[in-house]
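If you read the protein sequences in the order shown, they are chains A, B and C. The first sequence: position 214 = 204 (the numbering used here), numbered continuously. The second sequence: position 199 = 202 (the numbering used here), numbered continuously. The third sequence: position 214 = 217 (the numbering used here), numbered continuously.
The hints are simulated quantities; they were obtained by calculation from the structure and are not laboratory data. Incorrect hints may have been included.
Stated by the list, open to error - What the simulated footprint calls covered on chain A by chain B, stretch by stretch (three residues with Cβ under 8 Å from a Cβ of chain B suffice, anywhere in the stretch; the number is not a length):
{"#": "1", "region": "121 to 135"}
{"#": "2", "region": "142 to 149"}
{"#": "3", "region": "224 to 236"}
Said to hold, decoys possible - Below are the DSS-like pairs computed for lysine-lysine, each with C-alpha atoms no more than 30 Å apart in a straight line:
{"#": "4", "chain 1": "A", "residue 1": "Lys140", "chain 2": "C", "residue 2": "Lys5"}
{"#": "5", "chain 1": "B", "residue 1": "Lys64", "chain 2": "B", "residue 2": "Lys15"}
{"#": "6", "chain 1": "A", "residue 1": "Lys140", "chain 2": "B", "residue 2": "Lys105"}
{"#": "7", "chain 1": "B", "residue 1": "Lys256", "chain 2": "B", "residue 2": "Lys64"}
{"#": "8", "chain 1": "A", "residue 1": "Lys140", "chain 2": "B", "residue 2": "Lys15"}
{"#": "9", "chain 1": "A", "residue 1": "Lys140", "chain 2": "B", "residue 2": "Lys108"}
{"#": "10", "chain 1": "A", "residue 1": "Lys140", "chain 2": "B", "residue 2": "Lys256"}
{"#": "11", "chain 1": "C", "residue 1": "Lys5", "chain 2": "B", "residue 2": "Lys15"}
{"#": "12", "chain 1": "B", "residue 1": "Lys107", "chain 2": "B", "residue 2": "Lys64"}
{"#": "13", "chain 1": "A", "residue 1": "Lys140", "chain 2": "B", "residue 2": "Lys107"}
{"#": "14", "chain 1": "B", "residue 1": "Lys105", "chain 2": "B", "residue 2": "Lys256"}
For each residue, glycine too, the CB sits at the ideal point set by N, CA and C.
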Amino acid sequence: MKRIAYVLGLPVVLFAAWFLISAGSENFYAPPLRDILQSFGKTWTLDRLDADVLPSLLRLAAGYALASVIGVALGVAIGLSRGLRATVEPVLEFFRAIPPPVLVPVIMLFAGIGDGMKIIVIVFGCVWPVLLNTVEGVRAVDSVQLDTAKAYGIGGPARIREVILPAASPQIVAGLRQALSIAIILMVISEMFAASNGLGFTIVQFQRSFAIPEMWSGIILLGLLGFLLSLLFRLAERRALRWYHGLRSVVRGR
Amino acid sequence: MLEVHGLRKTYKSGRREVEALRDLTFTVDTGELVCLVGPSGCGKTTLLRCIAGLLEPSGGKISLDGHEVSGPAPGLAMVFQEYGRSLFPWMSVRDNVELPLKQKKLPRTRRAELVEEALGAVGLAGTESAYPWQLSGGMQQRVAIARAVAYEPSTLLMDEPFAAVDAQTRADLEDLVRALWRRLGVTVLFITHDIDEAVYLGQRVVMLSSSPTVVQDEVTVDLPADRDQLHTRADPRFTELRTHVYEQIQQAKLSQAL
Amino acid sequence: MKGLAGLAGLLLLVEALPRLGLVDDGYLPPATRIAAALGDEVVTAEFWRAVGDTLTGWAIGLAIAVAAGVVIGIVIGAVPVLRAATASTVEFLRPIPSVALIPLAVLLYGTDLGSTLLLVVYAAFWQVLVQVLYGVADVDPIAEETARSFRFGTWARIRNVLWPTALPYVFTGVRLAASVALVLAVTAELVIGAPGLGKMIAVAQTSGAVPDMYALIAVTGLLGVAINLAARLFERRTLAWHQSVRGEVPA
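Could you put the whole structure together from the sequences, leaning on the hints where they help?
Here it is, written out as structure tokens:
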């Protein structure tokens, strides 16, 4: 009971405060929350979700999945080779330091303004945290674990699958988590630049046509989306890394 | 049968060369249990890693059952000192024991049999689905032993396996090793820094000198094959043997100091 | 040494791909041409003004975010009731993508510095806050009880127990926030058109000055690397007294 009050208390208070304070708002840019909520229902109809939100999410999923696979694969390869790592590390650090949205104009040159461009933008922005975290994770695999695998004849693909990837998985997941928020940002930005549909495109359209309550409803939708995706990620992480969190709590308890 | 002949290992770091093993020669006959003792820092772990095929020797020859060792040999299983790091924390106890068997491409039913037998033999039946880190240190080392046993090796290498467990658990595990050895008839090479443990466990004790390491001495443990913690350790012959080993080790240390 | 070879390899690749006709040089100009464009840029006052604008937005935004994050984090962290009551709100607001605020920023501030600041502060604030909260939660209960048993007041406890424990986390938060702030500063300039490097990139793109665009992007990357290195150096210097520079808490 008390827990629920703590979880819901502040959000309810904030929401109510927004609702009440904005109720008589004459400010053009900050319309009453009631209007925003009304326009939310009117704006984000099923048709709209299908026409604008779904394409955004599909591009997000495609880019994120590709970036994850590429990042982990390259990360394992680089992490396993000391020479390769020393050679490419500064290059990777440089690429990671480039603010991902500036890649949009570059990739537009190559890939136009279609879905391909947006997916490539997401891949290009997301791959670095996954890659670099995987390299770190692979490099830090316990030497006794590697010796054990060797002594029992676990080599080649089995060594990567059964030992190196699981051992590096906490680091890899940390990289994937960073990549997820970058992916959402890039999904929106790439649509703001050049698109004919998508969540980012629609919100900017509202802003340009001064449809303020609709714009606010779009911001709220985007917020909800970010929240939901991070919630999903955490659920998946808790399942996948159950052993790791258990191990950590045991080690800390000792 | 394990034969080590003229084994030499030098580490190079930059321009400096460190000689870890100078000239080691000894054999462990098939089905024998031999303990290796030596002063700390005498290169025991280097030796073991060479035998396990994890480390390339700089010279000399190691052969296992007549084949020269040039990499991890299929007939050999190893139990590491660092049980907490040698068991994979992301796998259940069962999966940890089963993984090397999968690598051997054994059929599923045979694997299940071996896992069950091995866990039963070390007294861990019923913990199959637990994670290793949910078990106590002694139990974790039992899992590591079960993994080695299930592998059905001809030779078992144990690298100070009980250095990190408490004294009572250690006594239990020592008895477990002897029981398993007598039952399975495997060749066991057991490395320890504990002289009592070496004499209690082994049929033979090989003493190593300080680094650069050579074989200092060898002694046959002529205690009865039925041993137990109470009577064996109280046996006057046990005391004689451990005194002898102790003196040799002290001498090894002294000759190094000189 | 090998790292230099890697960088040289990258430059060589960028030079060779368009020269050999493997990539259209209208899309990817050779490295030498990008370098020439960069050489032309760095002698202009406009370029340095843009760098200055970007860094101004970055620095002010970061400063506000760090100050707010630290103060709010310590207050929330030091009072258990507050921490319990705000946890869900923090968890809800944190993952909201900062770019969702772009339309709002445009309406409120147009293409002024304010737009950049709004995005930078929002994004960087959470990085700091979350790390501070982790840091405060890491206070050793025994140290806390020791302080209590010596009848330390709240303020003394915060100063002598809580703050020193949280400090390494604060630095981690600042380091993470510093790179996020740069990303958002450039993004705001690029998308909204606030003055700075991002706007120059957008202008170069629309006017088809491809080598300049690449040169400017490389500059943002170098700025990012420099900020990262500086933050790490600063962290290591100031925390040399601390027993361990702690591992990062995944944020």
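To test your reading of the hints: which numbers does this structure violate? 10 and 14
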